[in-house]
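Working from the sequences, and respecting the hints, build out all of it.
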Amino acid sequence: MPDRKRVVLFKKKDADDKYNQLLLEHHFDPEFIPVLDHKLINIDAIRTILQNGPSKEQLCAMVLTSQRSVEAINEAYSGLISLDQHVRDEWHSMPLYIVGPQTAEALAQLPLFRGANHDGHWVVAPRASELIKSFSAQHLDSTVLFLAGDKRREIIPEALSAAHISLREIKSYVTCVHP
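Mapped onto our numbering, the consecutive letters of the sequence shown carry residue numbers -11 to 167.
In short, the hints are calculated from the structure, not lab data.
Since the structure is predicted, the reported quantities are computational estimates derived from the model, not experimental observations.
Check before you lean on any hint, since a few could be wrong.
Label-pair distances were calculated between CB atoms; the ranges are [said to hold, decoys possible]:
1) 96 / 68: 17 to 27 Å
2) 23 / 143: 37 to 47 Å
3) -9 / 103: 42 to 52 Å
Below, in silico cross-link-like pairs of lysine to aspartate or glutamate (EDC-like), each with a Cα-Cα straight-line distance of 20 Å or less [unchecked claim]:
4) 44 / 138
5) -1 / 59
6) 139 / 129
7) 44 / 78
8) 159 / 25
9) 27 / 45
The beta-carbon is built from N, C-alpha and C at its ideal position, and this holds for glycine as well.
Pasting the structure below:
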């Protein structure tokens, strides 16, 4: 077999990395060099929101645009000693707007959401621009929680503002240089 040509990817290799699989299938030798990392922040604030639940926090929906925000929810949830069943039920029935099927899959695996019926409550779109078309007028009377990173775009905040929907944004992670 001839020598494989090396391909350098400046990204972190994921556990089941599709780039790695594709390059190997085409007889390349992929090398991953991570250049960015993510640091979870505001975990205590997110934990308090999870503990209190949507009703007490006056939330009508939540927007998640990245798997890092899902990781922040998981980190916050893992620090809870207990969660009342009625609060858990509120989280299970609250509308969630999610960018990306992988983000939705990651969220569905979290202990807080595992086993819940997501039909009719979760809206998943491949891009934020497509997700905003799904926002409902039912959100006019309360606040949408938006967990986002420090590098997020203005698409969702601007769309909600234009629709007169109140937004509570919490930065759940920051992007930093890989050490």
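Structure-inconsistent hints, enumerated in ascending order: Violated: hints 2, 4, 6, 9.
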